[in-house]
Amino acid sequence: MKRILDGYHRGLKTALTVLMGLLIVPVLLQIVSRYTGIIPRYIWTEEIARFCFVWIVMIGAMIAVRDQAHFEVDVLPTPRTARGRGIAGLVVHSMMLLLAVAFVRYGYDFAQFGFRQTSEMSGINMLSIYIAFPLAGVTWTFFLGEKLVEDYRRMRSGDEEGDG
Amino acid sequence: MSPGEAAAVLFGTFGVLVVLRVPVSFALGLACVPVLLADERLTPSLLMGEMWRSYNSFILLAVPFFLLAANLMNSAGITERLVNLAKASVGHLPGGLGHINVMVSMLFAGISGSSTADAAGIGSLLIPAMKKQGYDAPFAVAITACSSVMGVIIPPSILMVVWGGLMSISIGGLFLAGVVPGVLIALGMMATVWVYAHRRGYPMYKRSSWRQFAAAFSQAALALVTPLIIIGGIVGGFFTPTEASVVAVVYSALLGGLIYRSLALKDFPKVLYESGRLAAVSLFCIGTASAFGWLLAYFRVPEALVDAVTSWGSGPISIGLLIAASFLLIGMFIDAIPAIIILGTILLPVSASVGMHPIHFAIIGVISLAFGLVTPPYGLCLLISAEIGGVKVVKVLKDVAVILLPMLVLLVLVILFPEIVLWLPRLIAPQFL
Chain S
1 MKRILDGYHR
11 GLKTALTVLM
21 GLLIVPVLLQ
31 IVSRYTGIIP
41 RYIWTEEIAR
51 FCFVWIVMIG
61 AMIAVRDQAH
71 FEVDVLPTPR
81 TARGRGIAGL
91 VVHSMMLLLA
101 VAFVRYGYDF
111 AQFGFRQTSE
121 MSGINMLSIY
131 IAFPLAGVTW
141 TFFLGEKLVE
151 DYRRMRSGDE
161 EGDG
Chain R
1 MSPGEAAAVL
11 FGTFGVLVVL
21 RVPVSFALGL
31 ACVPVLLADE
41 RLTPSLLMGE
51 MWRSYNSFIL
61 LAVPFFLLAA
71 NLMNSAGITE
81 RLVNLAKASV
91 GHLPGGLGHI
101 NVMVSMLFAG
111 ISGSSTADAA
121 GIGSLLIPAM
131 KKQGYDAPFA
141 VAITACSSVM
151 GVIIPPSILM
161 VVWGGLMSIS
171 IGGLFLAGVV
181 PGVLIALGMM
191 ATVWVYAHRR
201 GYPMYKRSSW
211 RQFAAAFSQA
221 ALALVTPLII
231 IGGIVGGFFT
241 PTEASVVAVV
251 YSALLGGLIY
261 RSLALKDFPK
271 VLYESGRLAA
281 VSLFCIGTAS
291 AFGWLLAYFR
301 VPEALVDAVT
311 SWGSGPISIG
321 LLIAASFLLI
331 GMFIDAIPAI
341 IILGTILLPV
351 SASVGMHPIH
361 FAIIGVISLA
371 FGLVTPPYGL
381 CLLISAEIGG
391 VKVVKVLKDV
401 AVILLPMLVL
411 LVLVILFPEI
421 VLWLPRLIAP
431 QFL
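Protein sequence lines correspond, in order, to chains S and R.
Terminal number for the first sequence in the working numbering: 164, no gaps in between.
Terminal number for the second sequence in the working numbering: 433, no gaps in between.
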């Protein structure tokens with residue numbers, strides 16, 4: 001399971017890198033076409049850039065759950081024992097899982113809503129962008145599941161060492 | 001639900017989750033869910049609808065690009081060139097490295113839009129150097145952290161891009177408005193360094209000759225053109241802010257790759273990925289914060305607040321102080337971007353009700369939030385600098401408080417005299433006001 005998740009995580013990273021590189025192209029095209037007239041003015045460049053951007057945000061948000069890169073606030077002190085850290089992790093990650101589940105459940109409605117629409121300029125079916133939301137929910141569920149197992153093990157190991 | 005009940009559920013859930021250390025972006029999204037479920041006219045897929053609407057913005061595209069440009073400049077070793085230039089200009093003042101630290105932060109702020117890139121890049125160069133020359137480690141850490149907050153005040157600034165995009169205020173106008181307060185903060189901090197240096201006998205460098213200064217300047221000149229391209233391009237009407245940010249990316253890639261030859265082709269994927277992930281984490285927060293803000297507006301919380309505030313009959317100055325205090329407080333606990341979306345959208349009608357200019361309001365907000373970058377428990381720049389300096393955060397707090405004092409005075413001055421902010425945009429580009 002860990003190897004599958006590792007591979008998926010690597011795939012998401014590659015996708016994010018490629019999309020970041022691609023994102024530069026439509027905006028540059030827009031400037032070049034305005035000042036040179038060599039290429040016709042592509043009205044849809046702006047739209048493609050925005051859609052690319054939505055995917056970057058959602059893929060980055062998926063990766064950041066596994067990397068624990070989302071910003072959090074240290075108001076409470078970090079628990080000193082492994083058992084304490086395991087319990088704290090279980091609480092945080094199960095709360096995050098609630099949002100992941102909501103994204104899967106209601107993201108399905110949202111994606112269906114997108115399926116009935118096409119974009120204004122390039123005529124893309126909106127499902128191709130809206131699907132990023134339920135996909136984020138599914139991805140988070142897997143990544144958080146992995147975290148919850150780790151937290152549980154940490155809590156148990158703390159138990160056995162008796163330092164809790 | 002009444003405005004009061006909705007606000008209580010939203011802020012209550014959010015507060016509890018954040019204290020439990022749920023990431024801020026997730027806590028904001030989760031707080032929306034019970035409200036969306038409880039009201040029969042609403043459904044949780046509205047959360048995603050609001051998120052989508054906030055990401056589907058051409059202006060916000062500037063955020064990943066400004067981050068990318070800053071990271072490219074950092075990887076290309078531009079910071080070292082700026083340090084040399086600062087050494088040739090202010091190194092001979094008492095407390096030389098302290099002044100260099102402040103000046104490099106100011107120059108770097110003009111190139112990048114983010115304070116954390118500033119603290120990391122400058123801190124790793126200057127904190128070890130300062131410790132070696134006999135500066136107290138807490139002072140070295142504190143001056144690095146505090147001066148890096150200029151990154152969000154001096155243009156280009158990611159916070160201003162978010163602010164302008166969200167509240168439909170001219171980003172060019174905001175950029176120009178940040179220049180004078182930013183330079184005043186730099187001068188205030190240099191004065192503080194001077195006092196420290198006299199009291200503690202910190203060293204200075206020999207005055208550089210004109211020839212040395214000219215050499216250092218020409219080494220850094222091409223990097224210093226970046227702010228001119230960005231600000232000039234936007235103010236002159238050549239580019240939109242998003243286009244200017246892409247031009248900055250291309251310019252820094254050419255500078256690092258072809259002219260300075262310090263960036264290899266194989267470095268690019270890593271820089272792309274790291275900038276992309278950081279931008280995504282910040283922007284994801286914009287989505288859930290927007291849904292949160294939308295719900296507050298749906299239940300008419302801002303209107304209720306305006307009614308309450310106008311019933312006190314306060315004037316622009318007391319409202320200005322109230323705004324600054326609210327941003328200072330929330331900035332201690334959460335990241336600046338969600339703070340802008342939640343508080344900024346609530347307080348905008350309040351500021352408008354006393355006739356405050358939207359750009360004046362924005363700059364008060366941005367300066368107040370800049371404090372949050374160095375105040376515990378969530379001061380990212382302070383955490384980064386303390387980590388580099390190998391000092392505990394608690395030990396640095398006294399010096400941080402002393403160095404922030406001139407900045408606090410400036411914040412009050414900005415509230416009292418809006419012209420500090422509005423003078424430059426009015427002079428150069430009155431169409432932005």
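There may be inaccurate statements among the hints.
Some, not all, of what chain S presents toward chain R, calculated at C-beta under 10 Å [stated by the list, open to error]:
no., residue
1, Met1
2, Lys2
3, Ile4
4, Leu5
5, Gly7
6, Gly11
7, Gly21
8, Ile63
9, Leu76
10, Met96
11, Phe103
12, Phe115
13, Thr118
14, Met121
15, Ile124
16, Leu127
Everything labelled a hint here was simulated from the structure, so no lab data went into it.
For every residue, glycine included, the Cβ atom is placed at its ideal position computed from N, Cα and C.
Right, here's what the structure says about each hint:
The interface hint given for Met1 (chain S) is violated, since its Cβ lies 23 Å from the closest Cβ of chain R, which is over the 10 Å cut-off. Evaluation of the Lys2 (chain S) hint against chain R yields a violated restraint, the C-beta minimum of about 21 Å exceeding 10 Å. Interface hint at Ile4 (chain S): violated, since its Cβ lies 21 Å from the closest Cβ of chain R, which is beyond the 10 Å cut-off. Annotation: Leu5 (chain S) was flagged as interfacial toward chain R, and the flag is violated, the nearest CB pair being 17 Å apart, outside 10 Å.
Checking Gly7 (chain S) against chain R: minimum C-beta separation of about 17 Å lies over 10 Å; hint violated. Proximity of Gly11 (chain S) to chain R is violated relative to the hint, the smallest CB-CB distance being about 13 Å (cut-off 10 Å). Hint status for Gly21 (chain S) relative to chain R: holds, with the closest Cβ pair at about 6 Å, below 10 Å. Hint on Ile63 (chain S) holds. Least Cβ distance to chain R is approximately 6 Å, under the 10 Å limit.
Here the hint on Leu76 (chain S) is kept, as its CB sits about 6 Å from the closest CB of chain R, short of 10 Å. Given the 10 Å rule on beta carbons, the hint for Met96 (chain S) holds: about 5 Å separates it from the nearest Cβ of chain R. Hint status for Phe103 (chain S): holds, given a least beta-carbon distance of 7 Å to chain R, under 10 Å. Taking 10 Å as the C-beta contact cut-off toward chain R, the hint placing Phe115 (chain S) at the interface is violated, the least distance being around 13 Å.
Here the hint on Thr118 (chain S) is broken, as its CB sits about 15 Å from the closest CB of chain R, past 10 Å. The interface hint given for Met121 (chain S) is violated, since its Cβ lies 12 Å from the closest Cβ of chain R, which is over the 10 Å cut-off. Because the closest C-beta pair between Ile124 (chain S) and chain R is about 13 Å apart, greater than 10 Å, the hint is violated. Checking Leu127 (chain S) against chain R by beta carbon gives a least distance of about 12 Å; that is not within 10 Å, so the hint is violated.
Checked against the numbered hints above, the structure violates hints 1, 2, 3, 4, 5, 6, 12, 13, 14, 15 and 16; every other hint is satisfied.
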